[in-house]
Amino acid sequence: MPGTSPLRVSAEDAAAIHVTGEEALDWLKKMILIRRFEERAEEAYGQGKIGGFLHLYIGEEAVAVGAMAALRPEDDVITHYRDHGYVLSRGIEPKRVMAELYGKAAGLSKGKGGSMHMADVRSHLWGGYAIVGGHIPVAAGLALANRYRNLPRVVACFFGEGATNTGSFYAALNLAAVWKLALVAIVENNRYGMGTAFERVSAVGDVYRKAAAFDIPGVRIDGNDVLAVRDAVRRVADRARTGGGPQLIEAMTYRFRGHSMGDPQRYRTREEVEEAKSRDPIARWRRTVLANGFATEDELRKIGDEVEVEVEEAVRFAENSPAPDPGELRNDVLVPE
Amino acid sequence: MSEKTYRDAIREALREEMLRDELVLIMGEEVGVWGGTYAVTRGFYDEFGERRILDTPIAEDAIVGAAVGAAMGGLRPVAELMTINFSLVAMDQIVNNAAKIHFMFGGQARVPLVIRAPTGWGQLAATHSQSLEAWFAHLPGLLVVMPATPYDAKGLLKTAIRSDNPVMFIEHARLYGVKGEVPDGEFTLPIGVSDVKRPGRDITIVSYSRMLHVALGAASVLAKDGIECEVIDLRTLRPLDMAPVYDSVQKTHRALIVEEDWTTCGMGAEIAARIGLDRFDALDVPVQRMGQVEVPVPYARNLEALMFPDETSVARKVMEMVA
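Read top to bottom, the protein sequences are chains A and B. Each residue of the first sequence is one higher than the one before, counting from 1 in this note's numbering. Each residue of the second sequence is one higher than the one before, counting from 1 in this note's numbering.
Simulated from the structure, these hints should not be mistaken for lab results. Heads up, some of the hints might be wrong.
[As the list claims (entries may be wrong)] If you anchor each label on the Cβ, the simulated ranges turn out as follows:
| hint | chain 1 | residue 1 | chain 2 | residue 2 | range |
| --- | --- | --- | --- | --- | --- |
| 1 | A | Val333 | B | Met91 | 15 to 21 Å |
| 2 | A | Gln265 | B | Tyr299 | 51 to 57 Å |
| 3 | A | Val333 | B | Cys265 | 51 to 57 Å |
| 4 | A | Arg316 | B | Met91 | 39 to 45 Å |
[As the list claims (entries may be wrong)] Okay, the calculated bits of chain B under chain A, using three or more residues with CB under 8 Å as the criterion:
| hint | region |
| --- | --- |
| 5 | 33-47 |
| 6 | 71-85 |
| 7 | 92-105 |
| 8 | 159-166 |
| 9 | 307-316 |
[Claimed, not checked] Quick list of in silico lysine to aspartate or glutamate cross-link-like pairs, EDC-like style, CA-CA up to 16 Å:
| hint | chain 1 | residue 1 | chain 2 | residue 2 |
| --- | --- | --- | --- | --- |
| 10 | B | Lys197 | B | Glu228 |
| 11 | A | Lys180 | B | Glu50 |
| 12 | A | Lys95 | A | Glu313 |
| 13 | A | Lys180 | B | Glu228 |
| 14 | B | Lys158 | B | Asp202 |
| 15 | B | Lys158 | A | Glu313 |
| 16 | A | Lys29 | A | Glu337 |
| 17 | A | Lys95 | A | Glu306 |
| 18 | B | Lys158 | B | Glu12 |
The beta carbon of each residue, even a glycine, is placed where N, CA and C say it ideally should be.
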């Protein structure tokens, strides 16, 4: 369909740009899984079964799901700490993610990382990092290793718009640009760094324009549109993979929940949140799926039921699995030599 | 055996490991075209090329962070920081990433990284003259090596590069020209083993890096008066090998720690605490520490000269302690 921007896909032209029914339903299911998983995690947190910080991804699901759909299984992924969505959309079993939230031995990081530090290195998920901006230089290093070893992989590095005000962001992307590394920086702009609106603390309010500082391509996309995310990430990942150097995507989205648990959200109005919910990525994709005949209402109900079962199983697994053995405390500090 | 400088010993270790393992690479400020600010990597750029000798921007957070990522991704990077002072810019990467990644993700990822950085001073003023080794020795998840001799520097650096753990390898800028015997063939030394550099019966002097030479100098002077100092070189600050120190204190009943950092919360505080806890009954006099004066390092030559223990002040302290 000439003239159609792949970044603004309407329900009508979705099919025209080659989304298979299987993909469409897979993405919808993954987004629903992330949401239901986190709603249950929120409950468990309220019951005191999950401790510490719990940063929910609810409202931003299309970014992780769209991006993972575009990436190859061997591509490297490294993320910030609001990280449940990435591991779930990468296909990690929800029970292992929930077990990590519960601080259990069967958790992804053996119960040593918790909500903010989910990794599954076998799946090329290099983990969630909790110092804002601190993992961006590490992403550049992973990309350096890939090039050094002649591996045709890209590194997808996810972080929030707040990280683009840190020194690490500038130092790392400059290095990646100088070395022309295959790094895709995916900035999730959910408009608030904790409770501070981005425009109040960033001299440049458009993150994609910051790409100019490194003379690399920067593009802004609708981060609530899973297909737009998939297409944009695929396009820039291909460019990075074939020697185009680092790429920056600014995915506009919104966090429906507070920054973490116990956020009174004095920094925004209920109206603003409700307005943002009208662009709910799941409801939107659901409409596209139905409009394109990828599934019927009945089939979608079935998907919802399947997710429900999977999440309940994850909770049951986490509840019933053992805490780490006390002997585990001193393990993994150093690699034994 | 042949006599080599500390600089050449380090250079040989780097070069041998690069020849031995294709996955070893060097990155840092001025390591390539310039040949290293302290000339340690001179000639490497021509020999190994820009693929393995990477000049970087002046951005230590990016240098160390990228080295952490490269290590996770299967390489064995040696990141050079021009001086230990610049590690402060990379502290998030060292503390939060290099030292934590293996543990935090339940052992899934490894960070086989060496960070080389010289400490030292010489009219460089307050921000370029710091001794920060205790900051790193504080961290579980990191190995901290601080060699004093060409022999130790070479053997320990080779082991550090082969290690699957992150290593802070702290050199001393004022030692680069110091010569010592180094074996001609291949050899390595284990990390975490202290070394008795001079045996003696009257007092134990615990030291490391440049201050080891000051301690040895004082010991030579004292020997003329019949006072025999046992001088122990820690070589590794984390993990600390206290066994030779304990054996020595058992024999001498006196311990003096000579360090170049500030003594408040410095390396000597840890060593003194351990001796006090584990060998209290062996002591005839309180453990003493000597370090730099507790002020930022000044520029003026005469003021700077007052900052650090020297052979005379160490010898005087020993005389007090054995009296």
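Hints and how they fare:
1. A:Val333 to B:Met91: 15 to 21 Å: Because 19 Å falls inside the window, the suggested range holds.
2. A:Gln265 to B:Tyr299: 51 to 57 Å: holds, 52 Å
3. A:Val333 to B:Cys265: 51 to 57 Å: violated, 22 Å
4. A:Arg316 to B:Met91: 39 to 45 Å: At roughly 42 Å between Cβ atoms, methionine 91 (chain B) and arginine 316 (chain A) fall inside 39 to 45 Å, so the hint holds.
5. 33-47: violated (count 0)
6. 71-85: holds (count 6)
7. 92-105: It holds: at least three residues are needed, and the region 92-105 of chain B offers 9 whose Cβ sits within less than 8 Å of chain A.
8. 159-166: Our answer is that it holds, as 3 residues pass the Cβ test (under 8 Å) against chain A, meeting three.
9. 307-316: violated (count 0)
10. B:Lys197 to B:Glu228: Satisfied, since the Cα-Cα distance of roughly 13 Å is no more than 16 Å.
11. A:Lys180 to B:Glu50: holds, 14 Å
12. A:Lys95 to A:Glu313: Holds: lysine 95 (chain A) and glutamate 313 (chain A) sit about 7 Å apart, inside 16 Å.
13. A:Lys180 to B:Glu228: violated, 60 Å
14. B:Lys158 to B:Asp202: The given pair, whose Cα atoms are some 35 Å apart, is violated under the 16 Å limit.
15. B:Lys158 to A:Glu313: It is violated: about 50 Å lies between the C-alpha atoms, which goes past 16 Å.
16. A:Lys29 to A:Glu337: violated, 44 Å
17. A:Lys95 to A:Glu306: holds, 14 Å
18. B:Lys158 to B:Glu12: Satisfied, since the Cα-Cα distance of roughly 9 Å is no more than 16 Å.
When held up to the earlier numbered hints, the structure conflicts with 3, 5, 9, 13, 14, 15, 16 and fits the remainder.
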